[in-house]
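For the sequence shown, counting from 1, position 199 maps to 390 in my numbering; every step adds exactly one.
The set of hints was computed from the structure by calculation and includes no laboratory data. Don't take every hint at face value.
Below, computed lysine-lysine pairings styled on DSBU-like, alpha-carbon distance capped at 30 Å [said to hold, decoys possible]:
(1) 386 - 281
(2) 312 - 281
(3) 386 - 276
(4) 312 - 276
(5) 386 - 253
(6) 414 - 377
(7) 414 - 275
(8) 207 - 196
(9) 400 - 384
(10) 316 - 255
(11) 312 - 412
(12) 384 - 368
(13) 390 - 316
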Amino acid sequence: MKINKTQLMGLSPNNKLLKEYKKQLNNNLSQMQFETAMGLVLGDVYLRNRYNTNYCMQFEWKSKDYMDHMNNMFNEYIMSPPHKKVRMNKNNNEVMTWGAQTMSHEAFNFLGNLFYKNKMKTMPKNLVSDYVTARNLAYWFMDDGSKYDNNKNNTTNFALCLNTQGFTFEEMNHLAKELNLKFDLKCSVINNKNKPVIKMDSSSYLTFKMLMDKYMMPSMKYKLLFKS
């Protein structure tokens, strides 16, 4: 008999029913889930395997709409609904975010093994050529992309930034070169507070926008400097 996810609320990770539910799930993410997850990991989503077993994904975003989208995307792997988190930033202003995580499952192991070696996040040399797609880029940009010039009144500078977490300058330089080759972009790596960031030249804006249009959520299109 197929187990419904609603039967699992509040059960411990070692519960027999939960283990049976995990067995009935696919051992691989769908193509859409895989491409989305790849983009998220390039951003600041964290993959972990606490006990050296299966990986899980942990999310945290300010946008409730974006969190709900991810909750739907990975619904069968998320046991608890997104929860609100409130904290004070360094300027003593209240910041509200939404957090969630998937269960640990074999479906996330390919990504975990691709990006993590000896618990350290790494950049596979063949990442762009073999795995990165326009959908990856869209979710990476929605997750951790921004306008390069933070002056909202500047309508002439269309340079963009792709931020990421945990990679070296050498890895990011390789990534930028591969993105240029595969997607006909003009990317370079800049130093932002001693961390590597990919800067996309204004001349690549229209090319990048055309790649992104199909995949960007309406509520996130403000990041591409045009109206939702």
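The hints, checked one at a time:
Restraint check for residue 386 and residue 281: the C-alpha separation of about 20 Å stays at or below 30 Å, so the hint holds. With a CA separation close to 27 Å, the supplied pair residue 312 and residue 281 stays within the 30 Å bound. With a CA separation close to 26 Å, the supplied pair residue 386 and residue 276 stays within the 30 Å bound. For the proposed pair residue 312 and residue 276, the alpha carbon gap of about 26 Å is at most 30 Å, so the pair holds.
Pair hint residue 386 plus residue 253 holds up; C-alpha atoms about 22 Å apart against a cutoff of 30 Å. Between residue 414 and residue 377 the alpha-carbon distance is near 18 Å, which keeps this suggested pair within the 30 Å criterion. As the CA atoms of residue 414 and residue 275 are separated by approximately 23 Å, the hinted pair is consistent with the 30 Å bound. The hinted pair formed by residue 207 and residue 196 meets the criterion: a straight-line CA distance of about 14 Å does not exceed 30 Å.
The straight-line distance between the Cα atoms of residue 400 and residue 384 is roughly 27 Å, inside the 30 Å bound, and the hint therefore holds. Our distance criterion of 30 Å between C-alpha atoms is broken by residue 316 and residue 255, whose separation comes to about 34 Å. Between residue 312 and residue 412 the CA atoms are separated by roughly 29 Å; this keeps the pair inside 30 Å, and the hint holds. In summary, the hint linking residue 384 to residue 368 is supported, as the alpha carbons are separated by about 22 Å, within the 30 Å threshold.
Among the hinted pairs, residue 390 with residue 316 is consistent with the structure: their alpha-carbon atoms are about 20 Å apart, no more than 30 Å.
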